[in-house]
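Protein chains: 2
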Amino acid sequence: MSRSKDDPVQGSINAGGSAVGGSGSTSAATPRSAAGSAGSDFLQLDIGPVPAGGRTEWLADRLRAAIADGTLAVGSRLPPSRVLAAELRVSRGLVTEAYQRIAETGQVAGRGRGGTVVVAAPPPVAPPPAAPPRGGGLVDALRAVPCRIDLSPGVPDLTAFPRTAWLQAERRVLADLTPADFGYGNPQGAPALREAVVGWLARNRGIRADPGEVVVVAGVAQALWLLGYVLRADGVRRIAVEDPGSLGARRQLEYGGMETVPVRVDGAGLDVAALRASGARAVLLTPAHQFPTGVVLDGERRRELLGWAAAGGVVVEDDYDAEHRYDRAPVPALRALLPEAVCYAGSVSKLLAPALRLGWLLVPPRHLDAVIAAKGHADLGNPVLAQLVLARLMESGELERHLRFVRRRHRARRDAMLRAISAELPEARVHGAAAGLHLMVTFEGAHVEDTALAAAALERGVKAHPLSWHRITPGPPGLILGYAAGSQGEIEEGIAVFGAALRQLAGTG
Amino acid sequence: MSRSKDDPVQGSINAGGSAVGGSGSTSAATPRSAAGSAGSDFLQLDIGPVPAGGRTEWLADRLRAAIADGTLAVGSRLPPSRVLAAELRVSRGLVTEAYQRIAETGQVAGRGRGGTVVVAAPPPVAPPPAAPPRGGGLVDALRAVPCRIDLSPGVPDLTAFPRTAWLQAERRVLADLTPADFGYGNPQGAPALREAVVGWLARNRGIRADPGEVVVVAGVAQALWLLGYVLRADGVRRIAVEDPGSLGARRQLEYGGMETVPVRVDGAGLDVAALRASGARAVLLTPAHQFPTGVVLDGERRRELLGWAAAGGVVVEDDYDAEHRYDRAPVPALRALLPEAVCYAGSVSKLLAPALRLGWLLVPPRHLDAVIAAKGHADLGNPVLAQLVLARLMESGELERHLRFVRRRHRARRDAMLRAISAELPEARVHGAAAGLHLMVTFEGAHVEDTALAAAALERGVKAHPLSWHRITPGPPGLILGYAAGSQGEIEEGIAVFGAALRQLAGTG
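Chain order of the listed sequences is A and B.
Each step along the first sequence adds one to the number in our numbering, with nothing skipped, and position 19 is 2.
Each step along the second sequence adds one to the number in our numbering, with nothing skipped, and position 451 is 434.
Worth double-checking, as some hints may not be accurate.
Since the list gives no way to pick one copy over another, a pair counts as held whenever it fits inside one copy or between any two copies.
Capping the alpha-carbon separation at 20 Å, the derived lysine to any residue pairs in SDA-like fashion look like this [as the list claims (entries may be wrong)]:
| id | residue 1 | residue 2 |
| --- | --- | --- |
| 1 | Lys446 | Gln471 |
| 2 | Lys446 | Arg94 |
| 3 | Lys446 | Pro162 |
| 4 | Lys446 | Leu488 |
It should be emphasised that the hints constitute simulated quantities derived from the structure, not laboratory data.
Please construct the entire structure, taking both the sequences and the accompanying hints into account.
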């Protein structure tokens, strides 16, 4: 080959046609890149050009400057002197001497085995902004406003997160992983998790599926985003959504370029005749526990929807909180009835924690390849470790145990909320209490804006969603009240705050 | 309120205007949902309608059917009899009797504290397909083909993944997390990780940034996807890419709807005059270690690029393997020179493991809000636990220690590959050996297709990328050879296989 063995790093050539080169470069803005050049990633130090007699002071100067301008923040560790000396190809004594000089001015201190740590006060820094995170809309902004008591819907009892079981499962996963498992994974999801999800859905949701139909996703939000992308590519530009229905889901679809078409929900669920009349070729719905009303899609509507889907309609089933039910028998998933036309989405956000960003999507054959491709392009697949941990929790029965545990807690909290509403919000009509993690209440005769009510409560430190957020067609004011995440005391206090706010707004307080 | 206390779950109403309902429903396809209905999520069992005398056999039948049709796979656990009895509101004896009946036929067995487990052989199931994952293209397909020795570029030494340090950091993270941390997080990324990334980039890449400019992403692939989306929304439809350059990055941008415009790379890096001539308003490049040639963008080109960006060009810097260098001083990031015009992307894929799907994107103010919004809509933000674990590893110095460790290993493997090439592929010219995780070799005079060479080696169980995959303009054949992930023995054997394949294809074997 054309490389000289004496010069192991110079492989630069000019290939005919498309000229490509090695690492050779000599111009000013680029550090020396000749073979044997000594430098450190740490502060991009390049001591090569510094005369031998000035190197200690040069190094100390660089460290002082980095501390002064905040590059090295208080608490930062300097590299071990042995390591930095090797990287700069200088004596270790030179480095320790430089460290000593800045230690004398109190900027760094030796911390024994903790190494040498920056201790001088940094230049004043602005406090982290209390503003809501950027780029989000209404819901994100409300989420970010700090509050004392959070009755927002959609969050389970987070104090119950099975930290020990999670860590134990992760220890086993880490012990069993092969090095190849740490590489680029299957964008469709880890086979072990797809198998475990199939078992979970068979046991708990009456769904038969093949692991090849499962796509592991970063929650239902991503599932909707992926489906919107794929449906649009398939020529579907309009998707029907429930009214009232989830604002977040609607925004998600619209961001993906879909037009959403509201279809009314009544006491039997989505009005399928209205869906048919809308001309939409796809529909997103929450048949087991409609969000936010809590209504169950009834048998006749299911049959009508089945007929609509058989004629070419695409059904997207968001089974967002199906595992949580208290006073009623389980409701089978639509997916169990017509697998070839239903895209089914679920996640662990309501089972374990939203912070895990982990869910699943069952995709009929027609759209499967496109969804996997979209997932691959979106992020190359979900992180692998958490997938395998969840698979273990599903297969060991740990997740079912956890579900039974939180269900008892959630039921007690729901009952506490019902009692508090009875006492503090006697005007309220309660909907959908038999399942889920939230109630909907409406105020039929009240002349009050529910957004004003929510704002008044937030001023008193209590947060919930105004129903109007989740309505497209106007209707009576109301609230969506999550009961799963707070203690019974918080629930009681929060509902009392809403009661006081309502009385004040209605002029009866 | 309008609910009766005696009937705590019936809150159905008809609200004026938009009729919404509770959980009431009586039609056939929906299970009974009256208050007090007894059913279990497990197999969707609803024992209510079954006559008292037939319930044990009915339950045993349902279990047999679920085992026979595979709903309950071998290894599945039945719920504890106490739990199932409570859910069905039957005696525990009824459930244990049903379990006993199917145990007698050998379908389930008691496993002490492990519960009752399905042990009968399931119906025959097709083996998992050996086919490549669906939905991917050329590279994905090649990735999925099994091989004995994988010299694909872009993967670090995965045997070195710091399992113990990761688990210890995760234990601390889990111990310290508040319940609220398990909820929906900030789509921009956990503040602790954004702070840690800022410190890491300051110490190791010479970059000054504010945590508010950092967006945590699922790797550089997602970063490119997000940027493509945002740039398109900003009216930028064409983005220049390096030629040769990463096929994966190009596909990523094209999937996001961008048109890619090839701009040639020579011995000084990207040809900025050609970029200017292309009319593209944005460019993706790998200035510190060009993929795949390994060339460093030199000082004059940097100044030219700076001028181009100052006139409104958007620079996307993929700093994909900047931490890995062996015989040269560190190369500063472009971002450090012109922060207001450079979107800077990096990840832990080459530092720790691609399976973590975790990286960062620094975004100039002009596009920051749009990128955060796109990230929020894509997946609501990265999973939180892994973000906090990485923050700990960065702040404790553990990640720097790991980098020093793998750098020594990678250097030894690179040297082994250079020796093997010298011995087995004397025709090859080597490029870009001073840094990174791969070499590029070209065969100037060889009359051989590099795709044929890669295919011939793959037949012998050895995988690498043909250079032509990463070229847009044709040029001499070549290979991209990753040396970081394999042992020295694998490297030697893999290069020998390429040597034999080349001799055979060239008719000299």
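Return the numbers of the hints above that this structure violates; sort them in rising order. Of the numbered hints, just 2 does not hold.
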